[in-house]
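*Asks:* Sequences are here, hints too, so could you generate the full structure?
Order-wise, the sequence lines are chains A and B. Quick note: the working numbering has the first sequence finishing at residue 858, numbered continuously throughout. Quick note: the working numbering has the second sequence finishing at residue 148, numbered continuously throughout.
If you are wondering where the hints come from, they were derived from the structure by calculation, not from laboratory data. The model shown is predicted, which means the values in this text are computed figures rather than measured ones. Check each hint, because a few of them may be wrong.
[To be verified] The following label-pair restraints were derived from C-beta to C-beta distances:
| hint | chain 1 | residue 1 | chain 2 | residue 2 | range |
| --- | --- | --- | --- | --- | --- |
| 1 | B | Leu-119 | A | Asp-751 | 40 to 46 Å |
| 2 | B | Gly-136 | A | Gly-834 | 48 to 54 Å |
| 3 | A | Gln-566 | B | Gly-60 | 20 to 26 Å |
| 4 | A | Thr-828 | B | Gly-136 | 16 to 22 Å |
[Unchecked claim] Derived coverage of chain B by chain A (criterion: at least 3 residues anywhere in the stretch with Cβ under 8 Å from a Cβ of chain A; other residues may be distant):
| hint | region |
| --- | --- |
| 5 | 42–55 |
| 6 | 92–101 |
| 7 | 111–125 |
Think of the CB as a built atom: it goes at the ideal place given N, C-alpha and C, for glycine as much as any other residue.
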Amino acid sequence: MTGYAERQRLVVVGNGMVGQRFVEALRSRDTEGRWQVTVLAEEGRPAYDRVRLSAFFDGVDADELSLHRPDDGVELRLGEPVLEIDRTGRRVVTGDGEYSYDALVLATGSYPFVPPIDGAYVAEGPDALGPTPALRSGVFVYRTLDDLTAIRDFAKGRRSGAVIGGGLLGLEAANALRLLGLTTSVVEFAPRLMPVQVDEAGGAMLRRYVEELGVVPHLGVATTAIRSRPDGELAGLTLSDGGWLPTDLVVVAAGIRPRDELARAAGLELGERGGVRVDESCRSADERIWAIGECAAVDGTCYGLVAPGYAMAEVVADRLVGGTATFPGADLSTKLKLLGVDVASFGDAHGRTPGCLDVTFTDPATRVYAKLVLSDDAKTLLGGVLVGDVTAYPTLRASVGGALPGPPLALLAPAGDGTGTGAGIAALPGSAQVCSCNGVTKDQLVGAIVEGCTDVPGLKACTRAGTSCGSCVPMLKQLLAVSGVSLSKALCEHFDHSRQELFEIVRVRGIRTFSRLVAEHGRGRGCDICKPAVASILASLGNGYVLDGEQASLQDTNDHFLANIQRDGTYSVVPRIPGGEITPEKLIVIGEVARDFQLYTKITGGQRIDLFGARVEQLPQIWRRLVDAGFESGHAYGKALRTVKSCVGSTWCRYGVQDSVGLAIALELRYRGLRAPHKLKSAVSGCARECAEARSKDFGIIATEGGWNLYLGGNGGFRPRHAELFGQDLSTEELVRYVDRFLMFYIRTADRLQRTAAWIEALEGGLEHLRAVIVDDSLGLCAELDAAMARHVGAYSDEWRDTLADPERLRRFTSFVNAPDVPDPSITFEVERGQPVPALGDRRPVTLGLPTTMGVPS
Amino acid sequence: MTLDATINEGFADVAEPSRAEPGGAEPDGGEPGGDDARWTAVCPYPRLEPERGVAALVDGAQVAVFRTHDGRLFAIGQRDPIAGAYVMARGIVGSRGEIPTVASPLHKQVYDLRTGDCLDVPGVTVPTYRVRCRDGLVEVATPPTGGS
Ligand SMILES: Cc1cc2nc3c(=O)[nH]c(=O)nc-3n(C[C@H](O)[C@H](O)[C@H](O)COP(=O)(O)OP(=O)(O)OC[C@H]3O[C@@H](n4cnc5c(N)ncnc54)[C@H](O)[C@@H]3O)c2cc1C
Ligand code: SF4
Ligand code: FES
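*Replies:* Right under this line is the structure:
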């Protein structure tokens, strides 16, 4: 109890990004527990990543955005805004009580500014002082998760939306409305979009991008009124040029204002343009009151970005434990936004430095615009603007104020080979800030790498770099690469080669066995990593039945038994159902087999049927019946093509423009059995409505009036990713040719267990490079790739049919070598919802009061 | 018979190392495989594919028997102690450094075939059994020698 009296009370108002950072910084510095911390927060949820707010519309949920770290030493009171500061009594007042303080930190952020537009508010006009005048229904701002939830809910069933404000925030909001399926317009008073960040030429390029996304910009006009329909619903906007813009929903994104109302009422000095006036230690005129983040006016200037706010948080945390830190000023202009279009502006983007020089680069074909602002001797980088391709952004931004990391045009030209930026990071001085959100320098990152960080997650955890906007992550990767730490390509302890290198060795030397490969090019006897990888390479190179000779010992148990092992040691069986099309007769056979062998059945996401619970000795019997009925292996067990899913297409669907089922079946039959570094999935949709979800596949195809659009590199799973458009309106022949080459090139060059998305990402030059290889034959490889695919297609035979035909092969399908007729006694089932499931002690059935069917089917 | 040739070829390397490297601690009650060991024939030696296992029922126990690339034999418990399923014989056989290994087919933890010790999770072991080749037949001794 002794220390208690010495403890001082610290009250923090606001639990936004900066408030949260401040509390963390203070707690980590206040090792003696000098401060007793209370945080009073207006919002009902703890701090979250406002910078990534829009990710909410990409399906990132509130939990993922959360910045909250539980800390027993901090009392966090949510939904309890401070109403008043009583400076003489040294306490703050909320609706629920009063809190005394020895130090008070204001971190109240900003509020969205809503211009006095006729009809925007519920009642009279805007309350000049109040930050959040009540807006009429259908009119929203874009600042909090609650705002976004409200927008999403209101947008349901509505068709159009308009955003007032064409700046950074406005375009983000516009993109959000677009993602919600609304026809979207943007009204901007300035003659170009993002007037603060980009110049005229950049704005023009941006406009083309935005228009292409289907967003209609109305530039150089103001909104004069918001009008209602007779039924009270929103009707539209009256524009200053006399125009009329009908809309169902309005988002106002016309700028922000610091939330200084508490300070104002308490008589604290404010900045000229608002904000709590503080000195360079972030202390206000009242020595017990500090202000940080967007609500603070440091020496009169407010900052609308998170990085300067974080710097202020560190300053005050330091001061409260007796330090003397001061706010160093901020790199004001660094910014990067994604809204389908990449736009970056940094440093002195507008060339305001006297005597500065511009280097610009415009490519109407790829629609890239870039500008660098250089010092008068063209030696120092002052700033710049990038639209369309921002790969150079992290390097450039980190170079501001220092020497150019390379010749300007090489830096600006779209990263065809990527070397420009790679060289850039090496050339950066150690003091350059790589992550500006968190103020992490190159030196700090290199230090972390030396201390043992070997990957991006590791760097994030030990330095915080990359944890906010994420734009510096490519630089982190490059730093790791340049430092050569983690990037040993060795497959495992038995081979120093990457999978790609092994593939080439096997191909060029004509090696056909693992033993020879490991004896000549590796060491030891292999393991569960290299053996299946080599088996897959041998199989991809067309070396016959996967279970012949030595190959058998390389296979993972799934490939060994041509089935998928399950948690209890039983296997599941998946017959191929090409394109998801199946006759009633075949469906009945599957049902009969499942019934007779007491298998649990489930429809898979790939439009086929998975039969679970087969013991090894049952597999040949099951397959005998399936093969006799015309089924063949579905390769669900292999790193191979799984399914080509399809929608019903033009045959039945009234919207369909091509025969998606026909194409899906043809593709599935063409690529069945093709062994690859990882599983491969595909889908074909019969029109742009995309019912087959083709864009979440490794290669997805969407029918167009003129042919097929091909998308490459999508996947679901742990890190979902949309496939990117590779070719448009392709004929079926072109399509098949490109997919052939794509698959063969992937098989040849990808790493072990690298899905196509990661593979494309890792290719120098990405999708463009791939296009050059596949379409323009830039590596002179196409003939070889085509021949390899022709070999595969010609040599295909069903692995299960082959197995059943060969008594030698069938021998391995026994539970016990010395008791072939004894089933494994450890495998037992219980019944759940009328089907057998593994009887495992730790499996808890979900019971929602559903009736349970009793009795094991016999 | 050609079969015999195969047996004998592999055979020379077999018997000795598989016996010379018993697993972990031997039980107090004397050398198993000595007096109280019961030897059960499991299968003809050629039935074992190199670097692949088979499961056998030995005295009511499920045992995984392996033949490594150099012809040596190893036998361990068939139960994967981490997953609780009887699957070890279906794992991939290989090496880690000098150690002959098998990886669980379920979650890929790697075990030392000689001692039954899990090389990835300290403290986890599988039982080991003595195994030999006699008259072309692979035989396994119960009770296990270690790791139980
Ligand atoms: C959509 C969007 C995109 C953005 N993108 C970027 C970007 O790419 N890069 C960048 O640097 N910045 C970006 N920003 C700005 C960035 O989010 C802010 O700079 C940052 O959140 C400021 O942190 P703060 O703690 O000062 O304010 P906030 O995060 O706004 O937190 C202030 C908190 O205080 C609470 N509060 C206010 N008054 C009271 C009271 N009286 N009592 C209790 N609590 C109170 C508020 O409810 C709020 O929760 C973006 C902002 C938005 C909205
Ligand atoms: S994608 Fe088009 S063609 Fe296919 S089912 Fe959907 S609407 Fe019909
Ligand atoms: S620059 Fe934003 S997270 Fe690093």
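*Asks:* When you take the CB atoms of Gln-566 (chain A) and Gly-60 (chain B), is the distance between them in 20 to 26 Å?
*Replies:* holds (25 Å)
*Asks:* Is the hinted range of 48 to 54 Å satisfied by the C-beta distance from Gly-136 (chain B) to Gly-834 (chain A)?
*Replies:* holds (50 Å)
*Asks:* Would you say the region 111–125 of chain B counts as covered by chain A, given the rule of at least 3 residues with C-beta under 8 Å?
*Replies:* violated (count 0)
*Asks:* That 16 to 22 Å hint for Thr-828 (chain A) and Gly-136 (chain B) (C-beta), does it hold up?
*Replies:* At roughly 36 Å between Cβ atoms, Gly-136 (chain B) and Thr-828 (chain A) fall outside 16 to 22 Å, so the hint is violated.
*Asks:* So does Leu-119 (chain B) sit 40 to 46 Å from Asp-751 (chain A), Cβ to Cβ?
*Replies:* 24 Å Cβ-Cβ, so the 40 to 46 Å window is violated.
*Asks:* If you look at each residue in the region 42–55 of chain B, do at least three have a Cβ nearer than 8 Å to any Cβ of chain A?
*Replies:* Satisfied; 9 residues make the cut.
*Asks:* Using C-beta distances, would you say chain A covers the region 92–101 of chain B, given that this needs three or more residues below 8 Å?
*Replies:* holds (count 8)
Of the numbered hints stated above, those contradicted by the structure are hints 1, 4 and 7, listed in ascending order.
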